[in-house]
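> Line by line, the protein sequences are chains A and B. 15 is the number of the first residue of the first sequence in the numbering used here; add one for each residue after it. 15 is the number of the first residue of the second sequence in the numbering used here; add one for each residue after it.
For the record, the hints were derived by calculation from the structure and aren't laboratory data. All the given hints hold, so there is nothing to weed out.
Copies of the same chain look alike in the list, so a pair counts if it works inside one copy or between any two.
Mimicking PhoX-like on lysine-lysine, the simulated pairs with C-alpha atoms at most 25 Å apart in a straight line are:
#	residue 1	residue 2
1	K124	K188
2	K95	K188
3	K90	K124
4	K31	K16
5	K31	K342
6	K16	K324
7	K31	K82
8	K95	K124
9	K117	K31
10	K117	K95
11	K16	K330
Protein chains: 2
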Amino acid sequence: MKELDSGKIHLNLEEVKPLAEQALMRTGCNQENAGAVAECIYQAEQHGTHSHGLFRMPGYLASLASGKVNGRASPKLATPKPSLLAVDGDGGYAPLAHRTLAKPLAELAKSQGVAMAALTNTFHFAALWQEVEMLANEGVVALACTAFKPALPPAGGKDPLYGTNPVAFSWPRKGGEPCTFDQASSVMARGEVMIAAREGHALPDGAGIDSDGNPTNDPEKVLKGALLPFGGYKGASIAMMVELLAASLIGEQLSFEAAAQDNNDGGPPRGGEFILALDPAHGLASSEGLFAKMLEQEGARLPGDGRRAKRDGIAKNGIQIPAELYSKITG
Amino acid sequence: MKELDSGKIHLNLEEVKPLAEQALMRTGCNQENAGAVAECIYQAEQHGTHSHGLFRMPGYLASLASGKVNGRASPKLATPKPSLLAVDGDGGYAPLAHRTLAKPLAELAKSQGVAMAALTNTFHFAALWQEVEMLANEGVVALACTAFKPALPPAGGKDPLYGTNPVAFSWPRKGGEPCTFDQASSVMARGEVMIAAREGHALPDGAGIDSDGNPTNDPEKVLKGALLPFGGYKGASIAMMVELLAASLIGEQLSFEAAAQDNNDGGPPRGGEFILALDPAHGLASSEGLFAKMLEQEGARLPGDGRRAKRDGIAKNGIQIPAELYSKITG
Chain A
15 MKELDSGKIH LNLEEVKPLA EQALMRTGCN QENAGAVAEC IYQAEQHGTH SHGLFRMPGY
75 LASLASGKVN GRASPKLATP KPSLLAVDGD GGYAPLAHRT LAKPLAELAK SQGVAMAALT
135 NTFHFAALWQ EVEMLANEGV VALACTAFKP ALPPAGGKDP LYGTNPVAFS WPRKGGEPCT
195 FDQASSVMAR GEVMIAAREG HALPDGAGID SDGNPTNDPE KVLKGALLPF GGYKGASIAM
255 MVELLAASLI GEQLSFEAAA QDNNDGGPPR GGEFILALDP AHGLASSEGL FAKMLEQEGA
315 RLPGDGRRAK RDGIAKNGIQ IPAELYSKIT G
Chain B
15 MKELDSGKIH LNLEEVKPLA EQALMRTGCN QENAGAVAEC IYQAEQHGTH SHGLFRMPGY
75 LASLASGKVN GRASPKLATP KPSLLAVDGD GGYAPLAHRT LAKPLAELAK SQGVAMAALT
135 NTFHFAALWQ EVEMLANEGV VALACTAFKP ALPPAGGKDP LYGTNPVAFS WPRKGGEPCT
195 FDQASSVMAR GEVMIAAREG HALPDGAGID SDGNPTNDPE KVLKGALLPF GGYKGASIAM
255 MVELLAASLI GEQLSFEAAA QDNNDGGPPR GGEFILALDP AHGLASSEGL FAKMLEQEGA
315 RLPGDGRRAK RDGIAKNGIQ IPAELYSKIT G
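Next up, chain A with everything else stripped away, as it sits in the complex:
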């Protein structure tokens, strides 16, 4: 840790995990839960996805301090139907549940052909790409989605109803890291808009509307109004599907229900996650053929590779966070 002339705090990458872990344990997490969340934050910072890194720590800490989240959660698994893994998050953060369900879900998918995890009673505040990659690293194809609080209007409407509702997908590769995308159903992720608001940057056209439904580039106004789905009504369809899968299908709260029940302490609301795992029974030759064709085109790259390309620089140079954020984490 070093305070810079800019007022920002410089951290070496290896300082990130202990910093997060200690703060979480000091605020009520046991080692297991703190370690799982801190590992997610570390991986986010390692890959340059800062919106899901230390920037989330004040929200994690606030939701522990308010008593909303169980820092000593012990996720429970059950198989009410042969291909359905029901995961009760025990009121804790999602990362420990993901680490508990990954191997059993992958094994189930391999034996059944396809399996799904219905993760309920959990608090999800992390980046989904890590969760689907964990499954791809177990040798299965994975798709995951989760709702949150209303941020996006339905097609034709102007008031927030759906969460930003990310969908992540990961496909295992031969002798390499999985091909993974993780994308919000909005033009921009809420975390990115929050960072733009914090840093005073304007948003690109089309990213959001104010509370009267008018287009605006002001991140503060968008946070009070609504983000817009990517690709117009087609992105709205996907956001709707995520609500239905990650709430109605698995028996958890829809985004608007989660918001009504939440204590607004700055952390995530209680919610659920739909996770699908598929056995790549026909092997990986076909997919490698597709990836090769993609990379033949000048300018094209595989989803996930942009994020990974940042790792070396970040490992070497470390990261910088605002001093105020650092103080909130160290307490």
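With chain A fixed as given, assemble chain B onto it according to the hints.
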């Protein structure tokens, strides 16, 4: 049938199915295969989705005449793993396979929690919404996707690699028709671009590029160049996922492989389809709550309702098709 002063042909809706069915049987389909395809064409015309209606008949007939498609296909089902229904389309059009797999797949999803159908060795030229609605009408949630021939470039590239790769999703409703979307991964469906080309209409901005990678509004140039994915790189991610699920996962041809193997008779190439069915174990109260919230907003409507709203007018007024198309169908 009535020839209009405009030179177009007017058909009553009830004339559509026999017209299609007779043409298919005359060109090599048995009753069962012809009936299944003709029913799809009828439903497309009934709902105003003309791009998948009689407009497709010349392609169906050409691919029968060339001997590419088996008009007497008898789809075969197997369950190589407990939740995996492998469907061999026997070299025929997809609609008969869909009618063969719908009930067994729905039953499997209900008993297993989740089930998938891997449909291979088939020729898909129909609208996906019908297939997922068939499953929703059996009481399960359904997601389906299929590849085709290259039309969309990967993110960052300019040459077609992915098909327009539609994704369809349907959710059963209490006492009503399912909530269903069916959307190409491109801004526009290829069928819509073909109709614009036929009728001489310009495409909206952002729909496609010419063969040099430059934006164009000319549908003829886009058909020789590339369509663009909806929502930029996010739509491209979805198109990539469809290739991986509807080809690599199930053991069928990728779009570029299908194009290389196809005889270009105007019909669809051989391909596969990924179909997922999910048991809505927690019932439909939550989803009805979401739909009610959507409809509270002025201007919002449920996916699928716009299409259904056209039915009464079409049932009353019939449809019009170009005389040249009618001649091609009647032979």
